[in-house]
Structures are given as C-alpha cells and as structure tokens.
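*Asks:* The lines below spell out each chain.
There are 2 protein chains.
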Amino acid sequence: MSVTAAKGFRAAGIAAGIKESGNPDLALVVNDGPRLAAAGVFTSNRVKAAPVLWSEQVIKGGQVSAVVLNSGGANACTGPRGFQDTHATAEKVAATLGVNAGEVAVASTGLIGVTLPMDKLLPGVETAAAALSAHGGEKAAIAIKTTDSVHKTAVAEGAGWTVGGMAKGAGMLAPGLATMLVVLTTDADVPAPDLDKALREATRLTFDRVDSDGCMSTNDTVLLLASGASGLTPEYAEFAEAVRAVCDDLARQLIGDAEGASKDIRIEVIGAADEDDAVEVGRSIARNNLLKCAIHGEDPNWGRVLSAIGTTSAAFEPDRLNVAINDVWVCKNGSVGEDRDLVDMRYREVRITADLAAGSASAVIWANDLTADYVHENSAYSS
Amino acid sequence: MSVTAAKGFRAAGIAAGIKESGNPDLALVVNDGPRLAAAGVFTSNRVKAAPVLWSEQVIKGGQVSAVVLNSGGANACTGPRGFQDTHATAEKVAATLGVNAGEVAVASTGLIGVTLPMDKLLPGVETAAAALSAHGGEKAAIAIKTTDSVHKTAVAEGAGWTVGGMAKGAGMLAPGLATMLVVLTTDADVPAPDLDKALREATRLTFDRVDSDGCMSTNDTVLLLASGASGLTPEYAEFAEAVRAVCDDLARQLIGDAEGASKDIRIEVIGAADEDDAVEVGRSIARNNLLKCAIHGEDPNWGRVLSAIGTTSAAFEPDRLNVAINDVWVCKNGSVGEDRDLVDMRYREVRITADLAAGSASAVIWANDLTADYVHENSAYSS
Numbered sequence: 001m002s003v004t005a006a007k008g009f010r011a012a013g014i015a016a017g018i019k020e021s022g023n024p025d026l027a028l029v030v031n032d033g034p035r036l037a038a039a040g041v042f043t044s045n046r047v048k049a050a051p052v053l054w055s056e057q058v059i060k061g062g063q064v065s066a067v068v069l070n071s072g073g074a075n076a077c078t079g080p081r082g083f084q085d086t087h088a089t090a091e092k093v094a095a096t097l098g099v100n101a102g103e104v105a106v107a108s109t110g111l112i113g114v115t116l117p118m119d120k121l122l123p124g125v126e127t128a129a130a131a132l133s134a135h136g137g138e139k140a141a142i143a144i145k146t147t148d149s150v151h152k153t154a155v156a157e158g159a160g161w162t163v164g165g166m167a168k169g170a171g172m173l174a175p176g177l178a179t180m181l182v183v184l185t186t187d188a189d190v191p192a193p194d195l196d197k198a199l200r201e202a203t204r205l206t207f208d209r210v211d212s213d214g215c216m217s218t219n220d221t222v223l224l225l226a227s228g229a230s231g232l233t234p235e236y237a238e239f240a241e242a243v244r245a246v247c248d249d250l251a252r253q254l255i256g257d258a259e260g261a262s263k264d265i266r267i268e269v270i271g272a273a274d275e276d277d278a279v280e281v282g283r284s285i286a287r288n289n290l291l292k293c294a295i296h297g298e299d300p301n302w303g304r305v306l307s308a309i310g311t312t313s314a315a316f317e318p319d320r321l322n323v324a325i326n327d328v329w330v331c332k333n334g335s336v337g338e339d340r341d342l343v344d345m346r347y348r349e350v351r352i353t354a355d356l357a358a359g360s361a362s363a364v365i366w367a368n369d370l371t372a373d374y375v376h377e378n379s380a381y382s383s
Numbered sequence: 001m002s003v004t005a006a007k008g009f010r011a012a013g014i015a016a017g018i019k020e021s022g023n024p025d026l027a028l029v030v031n032d033g034p035r036l037a038a039a040g041v042f043t044s045n046r047v048k049a050a051p052v053l054w055s056e057q058v059i060k061g062g063q064v065s066a067v068v069l070n071s072g073g074a075n076a077c078t079g080p081r082g083f084q085d086t087h088a089t090a091e092k093v094a095a096t097l098g099v100n101a102g103e104v105a106v107a108s109t110g111l112i113g114v115t116l117p118m119d120k121l122l123p124g125v126e127t128a129a130a131a132l133s134a135h136g137g138e139k140a141a142i143a144i145k146t147t148d149s150v151h152k153t154a155v156a157e158g159a160g161w162t163v164g165g166m167a168k169g170a171g172m173l174a175p176g177l178a179t180m181l182v183v184l185t186t187d188a189d190v191p192a193p194d195l196d197k198a199l200r201e202a203t204r205l206t207f208d209r210v211d212s213d214g215c216m217s218t219n220d221t222v223l224l225l226a227s228g229a230s231g232l233t234p235e236y237a238e239f240a241e242a243v244r245a246v247c248d249d250l251a252r253q254l255i256g257d258a259e260g261a262s263k264d265i266r267i268e269v270i271g272a273a274d275e276d277d278a279v280e281v282g283r284s285i286a287r288n289n290l291l292k293c294a295i296h297g298e299d300p301n302w303g304r305v306l307s308a309i310g311t312t313s314a315a316f317e318p319d320r321l322n323v324a325i326n327d328v329w330v331c332k333n334g335s336v337g338e339d340r341d342l343v344d345m346r347y348r349e350v351r352i353t354a355d356l357a358a359g360s361a362s363a364v365i366w367a368n369d370l371t372a373d374y375v376h377e378n379s380a381y382s383s
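In order, the protein sequences belong to chains U and P. Sequential numbering from 1 applies to the first sequence in our numbering. Sequential numbering from 1 applies to the second sequence in our numbering.
These are calculated hints, taken from the structure and not from any lab test. Watch out, some of these pointers could steer you wrong.
The list treats identical chains as one, so a pair stands whether inside a single copy or across any two.
[What the hints assert, rightly or not] For lysine to any residue, the following SDA-like pairs were computed, each having C-alpha atoms within a straight-line distance of at most 20 Å:
| no. | residue 1 | residue 2 |
| --- | --- | --- |
| 1 | K197 | G102 |
| 2 | K332 | L111 |
| 3 | K332 | L342 |
| 4 | K120 | I270 |
| 5 | K120 | A94 |
I would like the entire structure built from these sequences, with the hints used as guidance.
*Replies:* Structure representation (structure tokens):
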C-alpha cells in the first residue's frame, strides 16, 4: 500500500516538532529510479501557497527525485518569506539526498497565514532522510494528516507493475482543483507526458468530483512519480485505468473521512444535455447547505434538490425534472412523485439521482452532509 | 409601519388552518386607490413556484388591487394542480372583494413540494376580507412568518407621502433574486414604470446583497403597490431613495433574524476594478462555509477570506490583497499583517473589509455565520 507499494521508492514519516502536539508532521518520498518521470496537478485557487508555486515549476521539468511534505502549517499567504522557506526546504532535501533541488517537490498543509518553524523543519529533513525505507509508505501517509481521523492509502496492481498512493484531506474539499495532498507512485516505466495525461484524466473524474464543503484550498497538490523499476511499460489505457482506480479509491476515502460528516452523498445527474451540464447541476446540489442539513436529518427533502437545480444554467425544463433519493422517485415531472415515507435514509451512504430529461450525459459528484460537528470542528479552533 | 402605513391600503392577517400549529397563515393586502399602480421583482431561480408564475403575469399589467399571501406551504413543485390552486385563490379574492382576478397577486411560502389545503385556504380568504383594516398591516406581517422569530416591518416618510412594507424570510436567503416575500406600499402617486425602476434599483442594492446561506428560493417575491391616496407625486430620486431605505431596513432585519445565526457579517469589498468584481468577491466570501464557521467561533481566520477571494475571476494580484476584520488589517499584501489577537469579535456584528487593490469600486454584502443551530433548524424537520 501507499507510496512504497511500487518498486523503486523509499519513504519516511517522522515528528519534526512542527505540530505542537508532537504528532508526526514531516514526510519524505524518494524515487530511486532508474526513471524519475513525474506529473502534477495543483489547486486552481488563484491564491496559491508557496510550495504550490515552487512545485509547479519543478513539475515543468518532468523529473522529480523526492517529495517533502509537511503538516502543521500550509505556508500559504506568507509572502516572500514563505517562498524562501519552501526553497530552503527543497535545498535541504537536495543536499541531504545528493540530488538536484530543482527536482524536489514540496507540499504543505495546515493553517493558512502562518510561517513554518524552519528551525524544526530543516533538522527534521535529516531525521526523515535517515529513516527512509522501502516499507515507509504507511508512516509517510500518517505524517501528512491534519484533521484526518485516519491515514489514507490505496494501490492497484497491473501485470508486473503497481500504482500506489497516499492522500490527506478532511476539509476544504471542493472541485475545480485537486482538493488535497496526494502522492502517487508507480514502478511502471511511463514517460512524463503520459503520466501527465493519465493524471489529468483521473483527477478530472475523481478528486475534481468530490465536494465536501464547497471550499477550495490554497495548497492542493496531486503528484504522480514513476520509477520505471518494474522495467515494464504497460499499455496506456491499462495504466491510466490503474491511476484512475487509485485516485477514485483515495477520493472516496476523503469523502468518508470528511470533517464532522455523518453521511456520504452520491449525487448522480443523468439525462443531461452534456457532461458540463451534469457536473454543474451535481455541484449545485452538492453545495446546497439546506439540502446538506436535510440529509443529515434523514429528511428526503427533494424540494431543496429542485431549488438547487434551478440556480444552474443547464439545459432542462422545470416540469420535466425527476429526482430519486435512495432509488425512490420522490419527484416526477417537477412535482410530487412516489411517497417520501418510502425513502430509507438510515445508512451512511445516500444516493440522489437527478434526471434532467434533456439528453444522455451523466456525472457523479460525491458530497457530505452538513452537521453540528462540522461547525464545531471549524469554529472551535483555527485550522 | 408595515403595509398600512401609507394611506389607501387595508390589510389583514388571520389563521386559516393552513399551518397545523394554528398560527396565523393568511394575509391580505388591498389597494383602495385611487391609483392601482404596481411593480414586482421575483426569484431568478428557474424552478419557480406556481404563485410566482401567476404574479409575474399579473405584474405585467402594472395594476394590482390586492395581494394574498400564505405561509404554511410554498406551492412550489406542485405541477398543474399547484397552478390551478393559485388561480383559484386569486379568483376567490377577486370574487370576495369585487375586483378583477387578473389584478390579484399571490405569494406563498413554506415547504416545497406539498399542495395547499384549499379547503382551508379558500374560506380563509373570506375571513381575511372581513378582517381588512387600515390598521391591519402588523397582523399581515405576522401571518406571513415561517421560521422567522419576529415579524418585520419598515417605513420611510416623505413630505406628505409614505413608503411602508413588510417582509418575511429567515432561510434560503441568497442573492441573484429577491430572496423573500416582501410587500411594499406607498400612497405617493407614482406610475408603474417608475415604481418598477425604483424597485429594481432598490432590490439590486439591498435584498440582492443579502446572502445568509447561499440558497436561492423558488418563491421570492417583492411587490411595490402605489395607491396615489396622498395626491402627491414626489421627485423620482426622492421617492426611489425612500424605497431603497425601506428595502435596506427590511434586508437588515432578515439578516438579523436568519436561522440559527449568532453573527451578522458585513463584508465590504473595496479597491475593486468594477462593481461586478466587488459583488463577486463579496459573495464568494459570504458563501465560504469554513469562514462562516470561523466567524461563529470568533476566530479572525483571514486565510479563509483569501482562499475564498482566490476562487473568483475578479481582477487582483494575490500579493496585493489586504484584509481587515473589525478594522484590524490582519492581512497586508497577501501575507501576515497586524496581530490577529487585536481583533475583538465579541459583538454580533462583524465587519470584514477586503481590499483588492485593483481600482476604486466597492460593494457591501451582508451574511451570517454558520452555526450548529442552523444545522439543527434545517435538519430536525422539513421546512
């Protein structure tokens, strides 16, 4: 599992003292090659953290020797000082490992607007480097947690090659971006352009369709590193499907562990004129606070689904809309359908199907309910 | 106060039995002229309730004799039956008052997707008509309450003429629409086109800039009726200002009574390239759930303001953004500014100022915090 499931990678996760709690907060992932190919997808938020600005440049070279990730501070909105800190972190990793700093990606997560304690982070890089292991993926996954209740890893096996990965993320999860810190690794021998294509396709259909709370992060980073250590180059389609499967697995884990959530809501929009319409409608439903509250209360309040659909520019006629909640078509032709008392909402997963009756395109968006626990987690302390 | 502050109007509010609680649920406002001029603004939600579809047609004629409003049911997403019920309600009012049904506006509020109990509503119209009084404005305002904790009225006095009004609304408050049920009346002698112009200008700057929970209703209706009973025709600018003042007063009352809210958040965007940019940025801040939670927790978490600004298409450079919370500039040039511990957030009103440093346009948006009480009110029962 995790980033060391594929051959050619070592990883470590240690406590550098960045978090006041003393919990693990620094992870290192090293690609031992022979190939150093890499691709990345970053937040589309225009306010980008220093490590995002840095790593975007690194990824342009198509080669990554190592990724250093810290929790305990996002290093976002920290000005020139923040960028210098990211640069110094990459230089420290480069010097410690004997690699080029231009091939060291950096990722940070935690509170925005606070500078990192470099007096703890830089010595931590040495500690992490000393702890690197071909079995260190699990510890790396643990070290990037913030409000995550569990660490998140996934793996997909090909014929003689592997794609594995780790993710962190429990809030500020919304589409239009990568939505979290994710590192994927593979020992397949795949050149950077193909990695980039496979990663973009996968994130578009997985992380980009997760919308826990409508809030877009400044730090989201998804990296895919290939070591080529298997000596095998799979068919592109087969490889892309493995990348998609790992991303999908991790995306579902993010929704399943979202802050304060008690329900995972699978929103499927069908009958759309095109995929863009389906995604727009799915997101409008996913972001409707009133509906999210109703789902929390196990109330099949389909009127709130219709009022959300009505805010979009998608092609539909109001009197042709159909909505099912857990397969009961509570709204037919824009009006009252089957008896809402037939809807059983006791389980964590709730399925909403919105039929626009305007075509044959569809999309699935995953969301969470809105709970008092979410409010508590995000109001009781800065995060 | 309310809709009977202006001369030439009678109103009533009674309990027709639409609400199971037995609370008042039916209001009637009658224009006794001599003028019957009227204008209206309606929800921009594409899923519109039957009474909205009806009243939009009525308003096109520029004359309204009476408005009938019910709480206890939105008559939205109720199909052809719902529209027939609205039509029958207007016909009943017309027959009872001896006016033309095409001059009777209808407004409804309550749960979406439930048909109205016409066996109670229609007899209620007769009861309300019998109770009509030149002092009935307060009772009418009470009868349109849903989850509102208080009824809402306002008045502005001109030289010999008056603009008064009532409003209801406590949730599903968001811009891009009228956001609530509002009836304004005036005894000024103003023709329908001027009423329309004054009302659109006023709602654009008041109700359209209230965003309590980002959720757009299917039923929002704002009506302005002129009786001409004062015999005076004020200067347009003076009249428009009075309409704006009453709308602003009512809009602030809506924010102050929003479901479960503990804070009223005044978001002022300054330094914008144009007003559209200022409004877009203001709304993105107003709708950020993480920020709304932080404000609830009295945490001046300016990083969440920047991450919200970063999702917009407004003109700005990330490293030139400035943010003040309660006048403390906690973010300067996109980075750490004054000490956040200086921010005092004990009071209900919280002021966020976002300076885009990109021009001289500005806008104010009002929002609420996100609280466990909001979740409770919107999950514990259907509304």
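*Asks:* Now look at each hint and say whether the structure bears it out.
*Replies:* Here is what the structure says about each hint:
Neither within a single protomer nor between protomers do K197 and G102 lie at most 20 Å apart by alpha-carbon distance, with minima of 22 Å and 60 Å respectively. Taking CA atoms no more than 20 Å apart as the test, K332 paired with L111 passes between copies only; the shortest distance there is 17 Å, against 45 Å inside one copy. Taking the shortest alpha-carbon separations for K332 and L342, only the intra-copy value of 15 Å comes in at or below 20 Å, while the best inter-copy value is 55 Å. In this assembly of identical chains, the alpha carbons of K120 and I270 never lie at most 20 Å apart, being 51 Å within a copy and 39 Å across copies at closest.
Proximity of K120 and A94 under a CA criterion of 20 Å is satisfied intra-copy only: 17 Å inside one chain copy versus 78 Å between copies.
In this structure, the hints that do not hold are numbers 1, 4, in rising order.
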